[in-house]
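S.K.: On the provided structure of chain A, position chain B with the ligand as indicated by the hints.
The listed protein sequences derive, respectively, from chains A and B.
Reading the first sequence from the start, the letters are residues 0 to 329 in numbering that gives the first Met the number 0.
Reading the second sequence from the start, the letters are residues 0 to 370 in numbering that gives the first Met the number 0.
Just so you know, the hints here were simulated from the structure itself, not pulled from any lab data.
Please note that the accuracy of each hint is not assured.
To be verified - Think about it this way: if two alpha-carbon atoms lie no more than 25 Å apart in a straight line, the pair counts; the simulated SDA-like pairs of lysine to any residue are:
#: 1; chain 1: B; residue 1: LYS286; chain 2: B; residue 2: LYS89
#: 2; chain 1: B; residue 1: LYS89; chain 2: B; residue 2: GLN38
#: 3; chain 1: A; residue 1: LYS108; chain 2: B; residue 2: ILE138
#: 4; chain 1: B; residue 1: LYS344; chain 2: B; residue 2: ALA365
#: 5; chain 1: A; residue 1: LYS108; chain 2: B; residue 2: PHE154
#: 6; chain 1: A; residue 1: LYS108; chain 2: B; residue 2: GLY158
#: 7; chain 1: B; residue 1: LYS344; chain 2: A; residue 2: ASP251
#: 8; chain 1: A; residue 1: LYS108; chain 2: B; residue 2: PRO332
#: 9; chain 1: A; residue 1: LYS227; chain 2: A; residue 2: TYR327
#: 10; chain 1: A; residue 1: LYS20; chain 2: B; residue 2: PRO332
#: 11; chain 1: B; residue 1: LYS361; chain 2: B; residue 2: ASP335
#: 12; chain 1: B; residue 1: LYS156; chain 2: A; residue 2: ASP55
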Amino acid sequence: MPKILNNVKAVSEALDVAMDKWKEVVVYGEDAGFEGGVFRATEGLQAKYGEERCFDAPISEALFAGLAIGMSLNGLKPVVELQFEGLGWASLQNILGHMGRMRNRTRGKYPTPVVIRMPMGGGIRALELHSEAMEAIYAHTPGIKVVCPSTPYDTKGLILAAIDSPDPVIVFEPTKLYRAFKQEIPDGFYTVPIGEAFKIQEGNDLTVVTYGAQTVDCQKAIESFEEKNPDKTIELIDLRSLKPWDKKMICDSVKKTGRLLVVHEAIKSFSISSEIIASVNEECFEYLKAPLSRCTGYDIVIPFDSGEGYHQPNPIRIQAKIEDVLNYKF
Amino acid sequence: MKTKFLNVFDPLKNQRVELMDKNGKVLNEKLMPKLSDKQVIEAYKLMNLSRRQDEFQNKVQRQGRLLSFLSSTGQEASEVGYAYPLIKGKDWFVPGYRNNAAWLTVGMPMRNIMLYWMGNEYGSKSPEGVNSLPPNIIIGSQYSHATGIAFAEKFKKTGGVALTTTGDGGMSEGETYEAMNFAKLHELPVIFVCENNKWAISTPYAKSTKAINIAVKGIGVGVPSIKVDGNDFFAVYAVVEEALDYARNGNGPVLIECDTYRLGAHSSSDNPKIYRPEDEFQDALTKDPLIRIKNYLINKGVWDDKKQEKLDKEQDEFISNEFDYAEKNKNYPLEDVFNFIYAEKTPELEEQYKEAKEFFEKYPEAKGGHH
Ligand SMILES: Cc1ncc(C[n+]2csc(CCOP(=O)(O)OP(=O)(O)O)c2C)c(N)n1
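Chain A with its partners taken away, still in its complex shape (with noise of 0.2 Å):
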């Protein structure tokens, strides 16, 4: 029976099926056992699975990546949870430390496939350091995958995806989308293979990639626009993985529109949008029409709610950059 379910659900439905299919895949984070975590998405897993799989952790962020890198390596399938992005900076050293590199400092002796979720982004009326998007930090990192699921679909798919995979994942879960839309997914185990975008729409005129809570402010840019432009027509694709990433999918597209517009919410200087447009720069040079461009929030410190309009990518902002890229003479 499929099942409709928003994006926190689907994350808790992923955790379900993992739980039930590997025995040896353990959930937890702070709050994570008993009340489900913050945005309850592993609730009811420790009431079906048991104190030992799913558990509330102390407050220790450092700790918590640790120690699931030794989980990892003893034959567990850890599955972590921060809290917010911008909570868990000390788990940093850990994941970029040893996490990212144990594999290839023991020859693949000792891999460790750990799984981190957490919530990213902006745009939810929270406290300072609760809207972070640093994705980029994750991504430069050798040794580790990150994924940005969007959808229901995808976030369960990924999530599988993530605890079956031999290497370690960092899943980014956007806040915003949590509870925004419903969608009706597969029941039981698939996954979404990671390093496979998504398109979301066939275009001619010009290739818009993105990724997370932007998925769903580009479809509404693209929407007007395309109203008011209808001899146009838009290339929309979610990355979904962030590294690695579906360049055979963007240069492609490309290929056969010449324009490319990246739109994402973390801040601009040595970004995703910066990989992918130096790449594409590589591979595509002689089919451009207009300059590679992107739509995303500034070099800041992100502000708090009153200033993070300002900060982040919305429909308007997008649509604006779309009829530039679009009307881009030599």
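M.R.: Frame of chain A, contents of chain B with the ligand only:
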């Protein structure tokens, strides 16, 4: 569980387990571990081997044939003392970076240790049947890793214990407390060792902490903690043996402070003469753990100068053979820098590998001086 050491020697009163004096005379026969002469000699040989390897490595490092290394000189009783009672293939060793004697004891081939210090990752791959993680450079995190390993042991009911170690300086890292706290919450089979050698590079113990000893640092998180004379092989062995038993039987973690001294430099590029008081060093020399256990064996009539001479000669030959092997095998092909990043190369890595391969085939001299 009935104990002879844990909860008997009180770190809050700065009590310390000592079984043998600095001349090798047994102080407390009743508490001595039950070890045969053969076993004690085996342990002594490992201590001697590590000491001689340190000396050898100092020499070749100065010749530029080793990048650098951190010596165990002065800490052999601690390291062999805690590593010797581990069960091979079942228990885990989760080291820091100053653990030469312990690595040899858990079964790490010397050639691997040398390869590591030559800058070759194959050196940190432990062979089948040796559950040892590589040297850990990021101080503190080994306590978390050991805790995770211990969690898995308990979860899988495989009965192994994880033993990890750091220095006195490392006990200032928050992660060590985080790990001990969690290990106690879950009653995990993990032994936390701190080799208190009094110095963290040039920072003395007194500038790392005001605590009267390291062992008290476990008490705040509820972990049974104990201080032992780290230059006394028997004291370390006996306490670790009890702690392993305690942890293996589901009683949770233990923190053990080995009170010892670093006789060598911090690393091969450090000069302790500029910060270490000479009288402190001279005093430490009189407590050399190697001399102490050797005197014990001589007093017992099972060791003498002739045996020592023969052993030194054999070990020197072994060390130099291992080094020859490592030196001859320190290079690996280009693909190995790409091969172990992910289970399978990502498309990006595949592309970059092809590019690098073509480049280095065309310009082999670009590989640099080491090849
Ligand atoms: C997290 C971290 N910070 C700093 C260093 C650099 N460092 C290497 S050894 C050392 C001193 C460690 O002293 P201690 O823990 O007492 O161990 P010892 O070297 O004396 O065995 C420092 C600061 C490091 N390796 N890791």
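S.K.: Now tell me, hint by hint, if it's right for this structure.
M.R.: Hint by hint, here is what the structure shows:
no.	hint	result
1	LYS286(B) to LYS89(B)	violated, 33 Å
2	LYS89(B) to GLN38(B)	holds, 20 Å
3	LYS108(A) to ILE138(B)	holds, 22 Å
4	LYS344(B) to ALA365(B)	holds, 24 Å
5	LYS108(A) to PHE154(B)	holds, 21 Å
6	LYS108(A) to GLY158(B)	holds, 21 Å
7	LYS344(B) to ASP251(A)	holds, 22 Å
8	LYS108(A) to PRO332(B)	holds, 18 Å
9	LYS227(A) to TYR327(A)	holds, 18 Å
10	LYS20(A) to PRO332(B)	violated, 39 Å
11	LYS361(B) to ASP335(B)	holds, 19 Å
12	LYS156(B) to ASP55(A)	holds, 21 Å
Hint check: violations occur at hints 1 and 10; the rest are consistent with the structure.
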